[in-house]
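Protein chains in written order, with numbering that gives the first Met the number 0: chain A, 0 to 405; chain B, 0 to 405; chain C, 0 to 405.
Be aware that one or more of the hints could be misleading.
Pairs count within a copy or across copies, as identical chains cannot be separated in the list.
As the list claims (entries may be wrong) - Here are the simulated SDA-like pairs of lysine to any residue, each with C-alpha atoms no more than 20 Å apart in a straight line:
no., residue 1, residue 2
1, Lys214, Glu242
2, Lys364, Pro99
3, Lys361, Phe319
4, Lys212, Met117
5, Lys123, Gly382
6, Lys72, Met117
7, Lys361, Glu88
8, Lys173, Gly273
9, Lys178, Gln90
In short, the hints are calculated from the structure, not lab data.
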Amino acid sequence: MKDSASTWVYGHSMPAELYLSDQVFRDDLDWLLPSQWFLTGHISQMPNVGDFFLYEIAGESVIVTRNKKGDVKAFHNACRHRGSRICLEHQGNKRLFTCPYHAWSYDLDGQLRAAASMPEGFDKGANGLLPINVRVFEGLIFVNFAAADEAPNFDAFTGRFGPLMRGQGLATAKVAARKTYPTEANWKLVVDNFFECYHCATAHPTYCQVHDKMKLLAFGAVDGTDPDDMADHRAWLAEWEAEAAAKGYPTGMFHDDAASAHFQAANRLPIAKGAVTESLDGQPIAPLMSALGTFDGGQTGCVFSPLSTVLINNDHAVIFLFIPVDTQMTRVETIWLVAPDAVEGKDYDPEALMQLWDTTLKEDKTITQNNQLGVASRGYRPGVLSNREAWIAAFGAWYVQQRGLA
Amino acid sequence: MKDSASTWVYGHSMPAELYLSDQVFRDDLDWLLPSQWFLTGHISQMPNVGDFFLYEIAGESVIVTRNKKGDVKAFHNACRHRGSRICLEHQGNKRLFTCPYHAWSYDLDGQLRAAASMPEGFDKGANGLLPINVRVFEGLIFVNFAAADEAPNFDAFTGRFGPLMRGQGLATAKVAARKTYPTEANWKLVVDNFFECYHCATAHPTYCQVHDKMKLLAFGAVDGTDPDDMADHRAWLAEWEAEAAAKGYPTGMFHDDAASAHFQAANRLPIAKGAVTESLDGQPIAPLMSALGTFDGGQTGCVFSPLSTVLINNDHAVIFLFIPVDTQMTRVETIWLVAPDAVEGKDYDPEALMQLWDTTLKEDKTITQNNQLGVASRGYRPGVLSNREAWIAAFGAWYVQQRGLA
Amino acid sequence: MKDSASTWVYGHSMPAELYLSDQVFRDDLDWLLPSQWFLTGHISQMPNVGDFFLYEIAGESVIVTRNKKGDVKAFHNACRHRGSRICLEHQGNKRLFTCPYHAWSYDLDGQLRAAASMPEGFDKGANGLLPINVRVFEGLIFVNFAAADEAPNFDAFTGRFGPLMRGQGLATAKVAARKTYPTEANWKLVVDNFFECYHCATAHPTYCQVHDKMKLLAFGAVDGTDPDDMADHRAWLAEWEAEAAAKGYPTGMFHDDAASAHFQAANRLPIAKGAVTESLDGQPIAPLMSALGTFDGGQTGCVFSPLSTVLINNDHAVIFLFIPVDTQMTRVETIWLVAPDAVEGKDYDPEALMQLWDTTLKEDKTITQNNQLGVASRGYRPGVLSNREAWIAAFGAWYVQQRGLA
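The following block holds chain A by itself, in its conformation from the complex (with noise of 0.2 Å):
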């Protein structure tokens, strides 16, 4: 990393090694597992003692599941004898992960609870299930692979999502659907994508046909580089918060910089003018799921670090998961929540809760598998990032930073 043409430069996309070395591929997730927290799903699919989802990143397989005390836990779905996967199905419940291998097997705590024939002076207490750290916060569910004394400071890790997403329900919310997009590219170019809407107006036409356009341009925008005639976007905006507050919604946004231990960004926007929540023609795609009472046409965007973020709409909630899969392939998640009273095929329908984000997360993955492509090539020089693409600017210099790279 120290030759002049791997050296990030601000303000520029990264040098080529750092989007096509398997070596920075591992070091990358030696820094990332043990300092990120990263959501894996919702309270919703685990509402009973003995539910349990699998999460999976980058060769790690994780049960998430709840104990008899109702407990969210978290272990290494790797049996603490010969190291077999214990837990083969992707979702389900059990009172006890039984592994199919020698049939060893751990209560919800993650205990031993038998194994046979072992010598005398096996410690079964010592032969545990092997804990992720576990969180919840607002239905979300975060793990973290440190050691358990050493895990980010959670509260410090959610302390400035609370006030912007009160009211709105996603604790209580519950799973309508979820569909995955495997995208041959490396995390960090799906993260550049995800944070800039510059390839908004080129890429994603569904997209800019539901959300308003001078708030698509200033997504992102470097300070002071907005065009002229933003002013009457921003008494738009404006005007909007006093409804929105009057309606008993929160208002406001932040973003990080490079110094932040987790690159958190949120931020409540209207969607458009006339649009109640983010459908193709605005109006609503599922029931009220806001305990406000009413619309106020406002999204909570929650970026909980660069690869974990959820959009609130007053309707529906959609959680998106960037999950590294290799160097060159990243899983990217999605799982759309709606009101826990809503009805499927009655209340909503989820082909039509999916469209929006189904089309634009189709266009995502083959611009960014281009990307791709295109860094692998020798004629890829780090460009320069035009003025709507500042979160990609702050993302690299924090990244260089936190990896100790800069």
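Once you have looked at the hints, place chains B and C on chain A.
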């Protein structure tokens, strides 16, 4: 291999690196190929002059054939001209092996017979196919990749098996069926799995119906760890041994420790009470193959090396080849043998013949692949072996000692 | 490359490492890309302003196009913004190359014409597409990846071919068909195979029916090694040369040695007695392409470099591109050309046009892949070349000298 994370500890499964590293795999092959005799097939596959079959292991392709004098010969399947594979068919009969590229032709002794337009002074005698060491024992064809004068002593390799195999008809048997199970796992995990029956109750219900329960509990058990009720079992075994001896069958067993060159083991054990062979109902599935005139219900297990095992029943035998392909791929090949004059469709049904081990090996493929996935996880720790996995402990000790890792 | 096992010896095939090592492949490309002119296609693929096609080699993608002045231009297919592939179609016509990601638009000279919202001081002039050296000779389009002022001299590169190609209509021909043969083998094995006809009798029965037998025996032969009955053949060649010259056709030949920058060769030879072109029956398969008014039955073979060859018959030509993809993959691309006014379906049948070389190249794919499998074996030893593989010996000498391995 020096830091503690990769140090093998007796009584535990191996450090992850030994199952995952491409370099370890290459070093494994550099050690295995010249030091071991690899079982490749049975002499009945090549009764006539010019009969041949290919044996392939980790990128190597070997032609095994029979010359005009009737001797079995083996050669690298690589032309001495520019290296092309010479023989593309997996089996057949030839008088000359003629390279499909430039028609260099080799006889059944590997001697170069024809090579057109070669420069003056070209020495045909120095350009024969490179020979591979090959030996036959009880109809089993073994190859070894050392230089001819450095091949491991074959009499020492086979010496202890003869008495236990006596009279059971393996040398004169014929191939009745064969099947391959490509297994996405390191060869050492495949061996680990084959060297214990601790997993049988969980993973192999059919196998457990066929075999005596107490015998399976004793398989691979640490000395002195038998459950109390093993006394009855031992009495039964002693009784069976006396009956077998009275019928003229051999009895006995042996197994090697870490100092062994080949980590061999063998035994004669009864299938189960009331069973005369290893079939679903314990009844014959082929005509008597043994030359001793009667069934004794025993099975002779011969572990010639961790990668080469044969099980001989009174009416049929099964050859198991565990063939390393790459770090995370092992080809499990199985060959079923019956008496030479048994007629397919009349005296035996190949499907019935294969049923037990086909079921069992499909189960083994699944559990071994899940083991490979698990050891690749950061949640894997080498685990404590049970009292019924003594052979895995011994195999690990042998591996690290013979590989120079101890 | 220092130990004896990996040292190339004149008159032998190469050490295995040169065909197998990923590092050797990367070093090969680092040497080839700037030092060689790569034939990419024919000018008839792009008659009009804005016509373009892509040329792809080992992860590189090159746009070859024609600007408003009518000049042929070539550029790296990587956006100067964040590196995305700009052009996804393999061929077509454009006035602007607009990146599908953020709509940065480049004109036919590679100049950046549009890039929205860029920071003050951003220099469009410094952010054009990175140019690739491109030259046209006799309708053939060559590219080179050196810096513009370090491109190998193109006049020297083409100088000796002009006289032999004179009057045969290649520059004005048109593409009639094309086909790709992905070959799982190192590019040097593909070249080896193309540089000798020692394998023809064994591997190419159809090709041997078409070409004069004695000519094929002489192809690639070491001086002084001809069989005695070559005298008649030489007399026939001399007779044919006189006839060809009388019809206004050029004659002659040359071939380079290890000191050459490009390892070039060319010759004019008759197809066979009684044949006027390289077709199954020796009869025309397209209208006369030559401007010399009559058939002379000759074929002009032009080896511009080991990776770029053209065969020109009186009625059609065939371009062969051997394109390294990765260590063990080479893309063989073939383009068939006919006279510009020949009408498909009336004057020529594309299937008939392709038949001979399609048959031959499918055979070449098979034998070359078997060669690759063989050289990967421990049984491979660099072998002695025959008297009819003098060009392979010379190619090896050239390779190790030019690569600095000698």
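Hint check:
1. Lys214 with Glu242: within (18 Å within a copy, 79 Å between copies)
2. Lys364 with Pro99: between (36 Å within a copy, 12 Å between copies)
3. Lys361 with Phe319: within (13 Å within a copy, 38 Å between copies)
4. Lys212 with Met117: between (67 Å within a copy, 18 Å between copies)
5. Lys123 with Gly382: between (56 Å within a copy, 12 Å between copies)
6. Lys72 with Met117: Neither: 27 Å inside a copy, 48 Å across copies.
7. Lys361 with Glu88: Between. Shortest inter-copy distance 19 Å satisfies the 20 Å Cα cut-off; intra-copy 27 Å does not.
8. Lys173 with Gly273: neither (27 Å within a copy, 58 Å between copies)
9. Lys178 with Gln90: within (15 Å within a copy, 34 Å between copies)
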